[in-house]
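Enquirer: The primary structure of each chain is shown beneath.
Number of protein chains: 2
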Amino acid sequence: MERIFIQEVVTRDGFQIEDQFVPTDKKIALIDRLSHAGVDKIEVTSFVSPKAVPNLRDAEEVMEGIERKEGVTYTTLIPNVKGAERAAFCKADEVNLVASVSETHNRKNVRRTVEESFSSFHDISSFLAGTGIAMNGTLATTFGCPFEGSIDENRVMELIDKYLELGADSITLADTTGMATPKQVYQLCERVLGRWPELPVTLHFHNTRGMGLANVMEGIRAGVTRFDASLGGLGGCPFAPGATGNICTEDLVHMLAFMGYDMNVNLDQLIEISKDLEKTLNHELPGQIIKAGKITDLHSISYT
Amino acid sequence: MERIFIQEVVTRDGFQIEDQFVPTDKKIALIDRLSHAGVDKIEVTSFVSPKAVPNLRDAEEVMEGIERKEGVTYTTLIPNVKGAERAAFCKADEVNLVASVSETHNRKNVRRTVEESFSSFHDISSFLAGTGIAMNGTLATTFGCPFEGSIDENRVMELIDKYLELGADSITLADTTGMATPKQVYQLCERVLGRWPELPVTLHFHNTRGMGLANVMEGIRAGVTRFDASLGGLGGCPFAPGATGNICTEDLVHMLAFMGYDMNVNLDQLIEISKDLEKTLNHELPGQIIKAGKITDLHSISYT
Numbered sequence: 066m067e068r069i070f071i072q073e074v075v076t077r078d079g080f081q082i083e084d085q086f087v088p089t090d091k092k093i094a095l096i097d098r099l100s101h102a103g104v105d106k107i108e109v110t111s112f113v114s115p116k117a118v119p120n121l122r123d124a125e126e127v128m129e130g131i132e133r134k135e136g137v138t139y140t141t142l143i144p145n146v147k148g149a150e151r152a153a154f155c156k157a158d159e160v161n162l163v164a165s166v167s168e169t170h171n172r173k174n175v176r177r178t179v180e181e182s183f184s185s186f187h188d189i190s191s192f193l194a195g196t197g198i199a200m201n202g203t204l205a206t207t208f209g210c211p212f213e214g215s216i217d218e219n220r221v222m223e224l225i226d227k228y229l230e231l232g233a234d235s236i237t238l239a240d241t242t243g244m245a246t247p248k249q250v251y252q253l254c255e256r257v258l259g260r261w262p263e264l265p266v267t268l269h270f271h272n273t274r275g276m277g278l279a280n281v282m283e284g285i286r287a288g289v290t291r292f293d294a295s296l297g298g299l300g301g302c303p304f305a306p307g308a309t310g311n312i313c314t315e316d317l318v319h320m321l322a323f324m325g326y327d328m329n330v331n332l333d334q335l336i337e338i339s340k341d342l343e344k345t346l347n348h349e350l351p352g353q354i355i356k357a358g359k360i361t362d363l364h365s366i367s368y369t
Numbered sequence: 066m067e068r069i070f071i072q073e074v075v076t077r078d079g080f081q082i083e084d085q086f087v088p089t090d091k092k093i094a095l096i097d098r099l100s101h102a103g104v105d106k107i108e109v110t111s112f113v114s115p116k117a118v119p120n121l122r123d124a125e126e127v128m129e130g131i132e133r134k135e136g137v138t139y140t141t142l143i144p145n146v147k148g149a150e151r152a153a154f155c156k157a158d159e160v161n162l163v164a165s166v167s168e169t170h171n172r173k174n175v176r177r178t179v180e181e182s183f184s185s186f187h188d189i190s191s192f193l194a195g196t197g198i199a200m201n202g203t204l205a206t207t208f209g210c211p212f213e214g215s216i217d218e219n220r221v222m223e224l225i226d227k228y229l230e231l232g233a234d235s236i237t238l239a240d241t242t243g244m245a246t247p248k249q250v251y252q253l254c255e256r257v258l259g260r261w262p263e264l265p266v267t268l269h270f271h272n273t274r275g276m277g278l279a280n281v282m283e284g285i286r287a288g289v290t291r292f293d294a295s296l297g298g299l300g301g302c303p304f305a306p307g308a309t310g311n312i313c314t315e316d317l318v319h320m321l322a323f324m325g326y327d328m329n330v331n332l333d334q335l336i337e338i339s340k341d342l343e344k345t346l347n348h349e350l351p352g353q354i355i356k357a358g359k360i361t362d363l364h365s366i367s368y369t
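Residue numbers (this note's numbering), protein chains in the order written: chain Y, 66 to 369; chain X, 66 to 369.
This is chain Y alone, in the form it adopts within the complex (with noise of 0.2 angstroms):
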């Protein structure tokens, strides 16, 4: 079975709309354990301004507090030169620039048109020219856009043209709102993978109506082997309150393991750290390993 690398967001996707801001050292603790615990990529924080995402105001204090763990990759989300500027000298080993297929959810985002937020990515490139960062392009609402409804799969692979010629080293397909389906995912990756067989594209899915892991599933038929995923699922949508948001770490690696994929993870410590979790924000996680435990964790005959 091929190799499935974990990409965790939960300390930036999942903490970003949090109620409560979670101390920093927490949030170091929390980075650390993932990365001891094996998966691939974390997207640690956001460079952005403190007034817009106050949760993580702490970027820099979290990026020069974490362990640098050989073979993960840090990431962080930027929204321009300043944010680049923040995560060089930070050195992150990954910036993750945003824009979204939808002009309507691009504008209600980051108040630009999708022409105008590539165009100042143009500004990101050569800032980062020879500084061995390096840079992923995401496209948000890839798969629907909860204002305009369904996407041009022409447009995404325009934009996603555009990245390249930006010089993005990879791609990233968000379903940002819980939207896509199994067979849209496997068209759409087919597709692109048959234009780009090289590209690492990840997929950002969120299970906002249930379909997460059934789109994990298409997207690993269809060729890719990067999902991102959130620490007991935590993460969620405005539009959707009481939805479940990004699809649950733990729960993508369980359902691949017992599948045989090999993974660089540890599933008992995922499933340790999310419970951890959910004491930290003193609330419940979507997740639903951290409640029902492994397939393997079997009960005792005299269990009435």
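Please note: incorrect hints may appear among the correct ones.
For chains that are exact copies, the list does not tell them apart, and a pair is met inside one copy or across any two.
[Stated by the list, open to error] Straight-line distance between alpha carbons at most 35 angstroms, and here's what the computed DSBU-like set of lysine-lysine pairs gives: (1) Lys340 <-> Lys359; (2) Lys344 <-> Lys248; (3) Lys359 <-> Lys344; (4) Lys359 <-> Lys227; (5) Lys116 <-> Lys359; (6) Lys116 <-> Lys173.
The set of hints was computed from the structure by calculation and includes no laboratory data.
Based on the hints, put chain X in the right spot on chain Y.
Expert: Coordinates of chain X only, in the frame set by chain Y:
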């Protein structure tokens, strides 16, 4: 796209472990709304001892009170000849027998060996001969047992054979405690349909570990077209407190509808019925679509 058959189990599998008795008139109204929403089969109730399952002590009244919509199969679970007699008296279209593939689970569930279960089914089969009532054979713990762990596929094949020798018209492969992985589902279903290409096979999944809809997709890929599901995802498993139960009917129908599968079901009606069920039971249901809405439910741009 092929026709997929949606089989509703909420009033049996869902209600049997509820903390409350759902009033008979509410059960009848729910079943009638479900049949009008277009589900293909409804597992109405269980003809078991009222002491064993007090929540279903009104089995006869429910069967007599419901409308019998043409084209809908009204099935009932029965444990023995007494149950078959009750089902026949109520003119059930089908009875559903259950034996576990796992010896330990069967003993825990019905206090018999698997051999004893199948012996008792002979009497049921004799009783049913000539009545026109169809017989479905369910194999619980087909994909794993919470006591014994993994299940031998060969044993599943043997027990299907035993059901067919008894004259079963159809088979249900049940993942009683949510242990199936997508790969396992594909492999077993391919084998079963390879041997019995014309056999109507139902897959009965629980979403205990988040893999429910991924398992459905692999079942479909292997050629299965019949799926049990429970409205709102009501149900559960005594071994996994807090974990989700059966796969959720409206989440299943939502996923398949937006991939273009042909079903007979009105999704909007299902969602309304599920929201009303949440009010009736006065607790949250695990389904996602009742929280997140359909992927076509767009948001206005002025939303902040």
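Enquirer: Could you run down the list of hints and mark each one as holding or not?
Expert: Taking the hints in turn, this is what the structure says about them:
1. Lys340 <-> Lys359: Both ways: Lys340 and Lys359 sit 14 angstroms apart in one copy and 31 angstroms across, limit 35 angstroms.
2. Lys344 <-> Lys248: between (37 angstroms within a copy, 34 angstroms between copies)
3. Lys359 <-> Lys344: Close inside one copy (20 angstroms) and across copies (32 angstroms); limit 35 angstroms.
4. Lys359 <-> Lys227: between (42 angstroms within a copy, 31 angstroms between copies)
5. Lys116 <-> Lys359: between (41 angstroms within a copy, 33 angstroms between copies)
6. Lys116 <-> Lys173: within (17 angstroms within a copy, 58 angstroms between copies)
Consistency note: the structure conflicts with none of the earlier hints.
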